[in-house]
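Peer 1: The primary structure of each chain is shown beneath.
Number of protein chains: 2
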Amino acid sequence: MEYTFSKSVDALSSSAVREILKLTQGNQVLSLAGGLPAEDSFPIQEMREAFNRAFDLGAKSLQYGLTDGYIPLREWVASRMKQKHMNVGLDNMLLTTGSQQAVDLLCRVYLDEGDVVLVENPTYLAAVQLFQFRGIRAIPVEGDSEGMDLEDLAKKIAQYRPKMVYVIPTFANPTGKVWSLERRQGLLAQCKANNILILEDDPYGEIQFDGEASYRSIFSLDEHPTNSCVVYTSTFSKIVAPGLRTGWAIGDQRVISMMVKAKQAVDLQSSTIDQIALHELLSRFDLESHIEKIRASYKERMEWMNELLLAQSWDGVQWEKPRGGMFLWVNLPADVDAEKLLARSVQEGVAFVPGKPFYAAEPQHNTMRLNYTLLNREDTQLAIARLGKAFTEYSKSLVTQ
Amino acid sequence: MEYTFSKSVDALSSSAVREILKLTQGNQVLSLAGGLPAEDSFPIQEMREAFNRAFDLGAKSLQYGLTDGYIPLREWVASRMKQKHMNVGLDNMLLTTGSQQAVDLLCRVYLDEGDVVLVENPTYLAAVQLFQFRGIRAIPVEGDSEGMDLEDLAKKIAQYRPKMVYVIPTFANPTGKVWSLERRQGLLAQCKANNILILEDDPYGEIQFDGEASYRSIFSLDEHPTNSCVVYTSTFSKIVAPGLRTGWAIGDQRVISMMVKAKQAVDLQSSTIDQIALHELLSRFDLESHIEKIRASYKERMEWMNELLLAQSWDGVQWEKPRGGMFLWVNLPADVDAEKLLARSVQEGVAFVPGKPFYAAEPQHNTMRLNYTLLNREDTQLAIARLGKAFTEYSKSLVTQ
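From first to last, the protein sequence lines stand for chains C and S. Residue numbers for the first sequence follow UniProt numbering, so the first one is 1 and each next one is one higher. Residue numbers for the second sequence follow UniProt numbering, so the first one is 1 and each next one is one higher.
Each hint should be verified, as a subset may be incorrect.
Since copy identity is lost for identical chains, a pair holds within one copy or between any two.
[What the hints assert, rightly or not] No more than 30 Å apart at the CA atoms, straight line, and that leaves these computed lysine-lysine pairs for DSSO-like:
hint, residue 1, residue 2
1, 163, 7
2, 82, 192
3, 7, 156
4, 293, 163
5, 7, 22
6, 82, 155
7, 299, 22
8, 389, 340
9, 396, 293
10, 299, 60
11, 82, 389
12, 389, 22
13, 7, 84
14, 396, 155
15, 389, 299
16, 340, 82
17, 22, 60
Simulated from the structure, these hints should not be mistaken for laboratory data.
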């Protein structure tokens, strides 16, 4: 038998990074590579009780359910969204297998092969891969610490006639960046004027370190839900636990209902019991205090990593302290190739993700993403020490070349 | 904002049937329409305990897991497959969100727009819709009670040069049909000779009413796992519970690894906790006895429906008693349009699925699918009585036309 795959699998070919990171599985390599939440933040006991209550509800917890998701959980999400200035009804929402699936479903119902999506530069690598997998062209728009450059956005809109813009405006992956209100409004205005859909991906919005600041979602700034120019997606992965794989998308009912039909075709529905248990959890859980704890813990971890990095005193290495989220984005000296540094680092027992796969077009080779949420204090210290050793040795090898 | 959807959404447009069936939600309509397992077959107490044991394993039950699925559960499936003459390693398998997702993932990595898939006539409607959603042409092959007609298969292969054949050879949906060994071998031989992949969908294989007979999977008849011409998919939905949304696919490692990469792009992974709990259940559960109970219960329900239908003595109505599975496929008199009968039936308080959407090409309008697993004895009796009334009235209206 000779297998002939679809054209789209070309976009799925293994990356050098994935191969290196595979080497880290099951051994003593400390990982700053993933985007995993701290396991001590999971409400295990409360979740166990919530599953028990879900079973008390009887057989329906194990039966097929609605494609768009368990109604009481959708009601809970709607009420939460309302607190954040997003007023939506149940018909404006579907629950998904993580927010990753929301991105896939929207692509499938909204974009054809060859269509253009504008993205930040850099942006979430799995979104870029998903666009490529569907034959969609992802075109980067330049930006700074405030968000996308609105002039470059206008230029790219004129040049590429995109159907969609994909953004993570609050504590972006990988950069940790937060868009200013002005840039959010600017993006929205240009997209409305040009009939371009915005996919606002907000997995990290709740993980905010500076308590007072308020970052309005782009969705909330637009008329909504009807005629909204924005589809907004978020997830329980970072505020409860990722293993339940539950996210949601909200938008105009015409868009959402199409996504529901697509979901029916691709997997019928996500787990019934997980959705019911999540609702049981949330109906008795003090989520606000829980989020406060996560914020405090992640902020402490971020500050600790920042301190450890400063203590390394590497020449020409720069980063901005993130105001939220899970990642620290590092600019290395221009002559450093972060993929080569990774290979050396894995030998020393530490892994990270080089910046390259986060760029939709021309990559910057001298960037890397460090996760600070997974490892504890001691392991983070050890990881940065190992990274320091790898960096020093790698830098020496550059000089001798 | 004016929304412009992808071309593929045309395949997702609402069907008349779906609109009629929507009317049945939340009111007194008895449904023979779905494919829902009997809720009294769910091992609720055992499942509750399994989830508790999963929580005993600690935080990893709520953390991100592997895209291809929880290793101990894959090991369990591999050992189960071995009992059924299918010898596969972990690299030959991925766990999916129900077997529906396995069909989607294989389509995405193996088929391009315009490619042809041969299917039974009729076949599983959600597979047909999925093919159409991806722009794949589904071409029906004629068949009889033994399976596909091998001559028509040869003709269609020559004519359409298909890349894949999709079949449900054991207790098919919607017909309940079981393929003979000869037809299984014949399909395999032709596909091997022509380098055509077979997708063998086997959600119902365990739901067998005649205890002694042994139906070999097509996968088991082929060389495997390497160079297998078959990708086989099944699910826990019918032997444990559908609400956990856990299925699996097995095949050549090259095909499976591509499906894993596609899954990583579309939803990262299915629920961690559900997979761990399922493994906890299965490692202590007497699955064989449980399946025996389901078989006995569904056989009794099937016999009961068969008896009730016979008692109706409808003119020109025919069906074959299924040897397994969840459906009874009914041929109505030639002048009956099952969609019109459905509209009348819903008024009487009973719903079913007309045969039309199960046909990839020219539909037979005088067919319908009845599910016998969901309703209890009394409700089934009431449902068939209502169906009888609707049929009689509808038949009268035909005469007077």
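Peer 1: Each hint needs a verdict: does it hold in this structure or not?
Peer 2: Evaluated hints:
{"no.": "1", "hint": "163 / 7", "verdict": "both (22 Å within a copy, 13 Å between copies)"}
{"no.": "2", "hint": "82 / 192", "verdict": "within (23 Å within a copy, 57 Å between copies)"}
{"no.": "3", "hint": "7 / 156", "verdict": "both (27 Å within a copy, 24 Å between copies)"}
{"no.": "4", "hint": "293 / 163", "verdict": "neither (39 Å within a copy, 54 Å between copies)"}
{"no.": "5", "hint": "7 / 22", "verdict": "within (25 Å within a copy, 38 Å between copies)"}
{"no.": "6", "hint": "82 / 155", "verdict": "neither (35 Å within a copy, 60 Å between copies)"}
{"no.": "7", "hint": "299 / 22", "verdict": "within (29 Å within a copy, 48 Å between copies)"}
{"no.": "8", "hint": "389 / 340", "verdict": "within (14 Å within a copy, 76 Å between copies)"}
{"no.": "9", "hint": "396 / 293", "verdict": "neither (42 Å within a copy, 70 Å between copies)"}
{"no.": "10", "hint": "299 / 60", "verdict": "between (41 Å within a copy, 23 Å between copies)"}
{"no.": "11", "hint": "82 / 389", "verdict": "neither (49 Å within a copy, 49 Å between copies)"}
{"no.": "12", "hint": "389 / 22", "verdict": "within (22 Å within a copy, 64 Å between copies)"}
{"no.": "13", "hint": "7 / 84", "verdict": "neither (42 Å within a copy, 34 Å between copies)"}
{"no.": "14", "hint": "396 / 155", "verdict": "neither (42 Å within a copy, 68 Å between copies)"}
{"no.": "15", "hint": "389 / 299", "verdict": "within (26 Å within a copy, 68 Å between copies)"}
{"no.": "16", "hint": "340 / 82", "verdict": "neither (47 Å within a copy, 44 Å between copies)"}
{"no.": "17", "hint": "22 / 60", "verdict": "between (40 Å within a copy, 19 Å between copies)"}
Going down the numbered hints, you'll see the structure goes against 4, 6, 9, 11, 13, 14 and 16, while the others check out.
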